[in-house]
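**Student:** Keeping their order, the protein sequence lines are chains G and U.
Position in the first sequence counted from 1, then plus 2, gives you our numbering.
Position in the second sequence counted from 1, then plus 535, gives you our numbering.
Rather than coming from a laboratory, the hints here were simulated on the basis of the structure.
All values reported here derive from a predicted model rather than from experimental measurement.
It is possible that part of the hints are untrue.
[Unchecked claim] Think about it this way: if two alpha-carbon atoms lie no more than 27 angstroms apart in a straight line, the pair counts; the simulated BS3-like pairs of lysine-lysine are: (1) U:Lys-717 x G:Lys-58; (2) G:Lys-159 x U:Lys-806; (3) G:Lys-58 x G:Lys-224; (4) G:Lys-187 x G:Lys-234; (5) G:Lys-58 x U:Lys-623.
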Amino acid sequence: MSEPILELRDVHAGYGSIKALKGISIKVMEGEIVSIIGANGAGKSTTLMTICNIVKATAGDIYYKGGCINKVASDSLPSMGLCQVPEGRRIFPRLTIEENLDMGAFFRNDNEIADDMERVFAMFPILRERRRQAGGTLSGGEQQMLAIGRALMSRPKVLLLDEPSLGLAPLIVKQIFDIISEINKLGTTIILVEQNAKVALSMAHRGYVLETGNVVMEDEAKKLLDNPDIQKAYLGE
Amino acid sequence: MEYFFQQLINGITLGSVYALIALGYTMVYGIIQLINFAHGEFFAAGGYVGVIFMSYLLSQGAPAWVCLSGSLILAMAYCAMLAMAVEKVAYKPLRSSSRLSVLLSALGMSIFLQNGLMLTQGVYDRAYPTELTQGGFEFGTVMLSYMQLFIVSLTAFLLVALNFLVFKTRIGKAMRSTAQDKIMSALVGINSNRIISLTFAIGAGLAAAAGIMVGLYYGSVRYDMGFVPGIKAFAAAVLGGIGNITGAMIGGFIIGMVEIFAAGYISGEYKDVFAFLILIGVLYFRPSGIMGENVDDTRV
Ligand SMILES: Nc1ncnc2c1ncn2[C@@H]1O[C@H](COP(=O)(O)OP(=O)(O)OP(=O)(O)O)[C@@H](O)[C@H]1O
Ligand SMILES: [Mg+2]
Chain G
3 MSEPILELRD VHAGYGSIKA LKGISIKVME GEIVSIIGAN GAGKSTTLMT ICNIVKATAG
63 DIYYKGGCIN KVASDSLPSM GLCQVPEGRR IFPRLTIEEN LDMGAFFRND NEIADDMERV
123 FAMFPILRER RRQAGGTLSG GEQQMLAIGR ALMSRPKVLL LDEPSLGLAP LIVKQIFDII
183 SEINKLGTTI ILVEQNAKVA LSMAHRGYVL ETGNVVMEDE AKKLLDNPDI QKAYLGE
Chain U
536 MEYFFQQLIN GITLGSVYAL IALGYTMVYG IIQLINFAHG EFFAAGGYVG VIFMSYLLSQ
596 GAPAWVCLSG SLILAMAYCA MLAMAVEKVA YKPLRSSSRL SVLLSALGMS IFLQNGLMLT
656 QGVYDRAYPT ELTQGGFEFG TVMLSYMQLF IVSLTAFLLV ALNFLVFKTR IGKAMRSTAQ
716 DKIMSALVGI NSNRIISLTF AIGAGLAAAA GIMVGLYYGS VRYDMGFVPG IKAFAAAVLG
776 GIGNITGAMI GGFIIGMVEI FAAGYISGEY KDVFAFLILI GVLYFRPSGI MGENVDDTRV
């Protein structure tokens with residue numbers, strides 16, 4: 003088996019005296035969809051923020067493409083192909099849709115940015131219609147599309163998605179997850195953090211279960227779906 | 536009626552100065568929510584660098600346009616760098632501290648810079664070379680001096696350039712996104728420290744231009760000249776909706792106009808009071824200002 007494209011080795015992190023991650027190890031292979039599930043406050047978002055160095059790892063190492071990225075500044079990661087769609091979408095409310103997408107390509111200097119924007123518009127036609135509208139005026143589902151589109155503008159190698167289904171109607175959720183699958187098939191490795199464990203696990207290759215800052219289980223996604231403990235705790239069955 | 540037009544011209548001239556200073560307050564507030572009390576000192580420093588370099592160029596026999604543009608560029612660049620240094624030393628280390636500590640640091644910086652100017656340049660007025668911009672157009676008794684024309688057209692140019700920078704360029708978008716969400720901006724690859732630094736530089740550059748204008752217009756500068764115009768420009772920024780660029784421009788012209796008309800028609804002795812009355816009125820009745828909180832607005 004080849005080297006993982008992203009690996010966390012015994013990573014600790016927190017907020018002041020609050021220890022949110024207590025030694026997390028995760029491996030992600032190129033081309034995979036890896037899902038991280040867990041209850042509220044388990045440390046899923048903190049994991050993603052620590053990968054992006056917004057929250058500093060207090061111990062442990064994070065490797066990306068074979069190099070340690072613990073000390074790499076957050077704003078250098080997108081150009082290395084590591085990109086996050088954070089919890090709550092965080093689109094820029096007073097920039098237009100088009101400007102939001104432009105920001106996704108902020109570090110790029112090539113001449114294919116316009117083509118990529120066309121591709122995002124083809125994926126999410128509603129964004130094209132609203133291109134001159136302020137991001138803050140979009141509905142929740144549209145904002146999620148914009149957030150994903152903005153991330154795609156950076157041509158990520160590894161895409162971290164934090165609860166893309168949060169607060170969306172089932173139909174939109176399906177649409178978003180179909181798109182995520184498609185993005186993955188086109189070659190982007192994906193880490194998918196979700197409360198909606200059933201949908202997440204059914205599209206993922208492997209999964210990790212987080213509980214209060216620890217990985218308590220990791221397995222192929224199918225096996226997690228079939229696991230009675232997981233079913234009881236996270237799948238509502 | 537002619538008196539009215541004369542006052543209108545004077546009001547636009549003064550308003551230009553306030554608008555340029557107000558932009559620095561509003562942009563810095565927009566990006567780090569700090570009322571930069573030291574901002575008026577960049578205006579004063581710009582006035583001094585301007586007079587020093589302008590006198591030098593003049594003594595070397597340089598033509599008027601070289602004296603003006605040369606000193607303008609140098610003063611703007613000097614103040615831009617000064618502001619970046621101030622930000623780095625006095626504000627950046629406090630990025631995650633309470634807003635009060637940063638505010639106090641700004642107050643301290645203001646005192647420091649003002650005293651620095653006093654110690655190096657003395658306590659007396661320093662005269663500007665006025666021969667550069669003498670004369671003007673006369674329409675009956677209404678007078679539009681070349682000086683006023685210079686001030687207003689330079690301001691118009693700077694305002695258009697700033698609008699272009701902030702609303703049309705990539706770096707401008709990065710400024711606005713940094714103002715709206717610093718973490719997300721980092722996640723798309725923006726170095727917010729650099730953007731914050733740039734914002735200080737631009738604001739101080741505009742204030743420096745205003746300092747030269749005031750020096751030319753009133754014929755002299757003084758080490759403490761930043762204080763009163765600084766507060767009036769702050770009032771203008773609040774009036775326009777602090778954080779809003781278009782608002783600061785409009786607010787600047789309104790405050791300048793009100794001051795001139797109030798001095799002309801009500802009382803010259805109390806002319807300084809009106810800006811503060813407006814400030815109090817806005818804070819009381821409409822704290823978000825004229826342009827505050829629209830959806831398609833021009834906040835940074
Ligand atoms: N900014 C913060 N300051 C202090 N504590 C925080 C902060 N963000 C998260 N925490 C704490 O860290 C722990 C992990 O939070 P985290 O947001 O990573 O959980 P999560 O698994 O993403 O939960 P959710 O499913 O609710 O999004 C929680 O106990 C939370 O209270
Ligand atoms: Mg979360």
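**Student:** Are any of the numbered hints broken by this structure? If so, which, sorted upward?
**Tutor:** 2, 3 and 4
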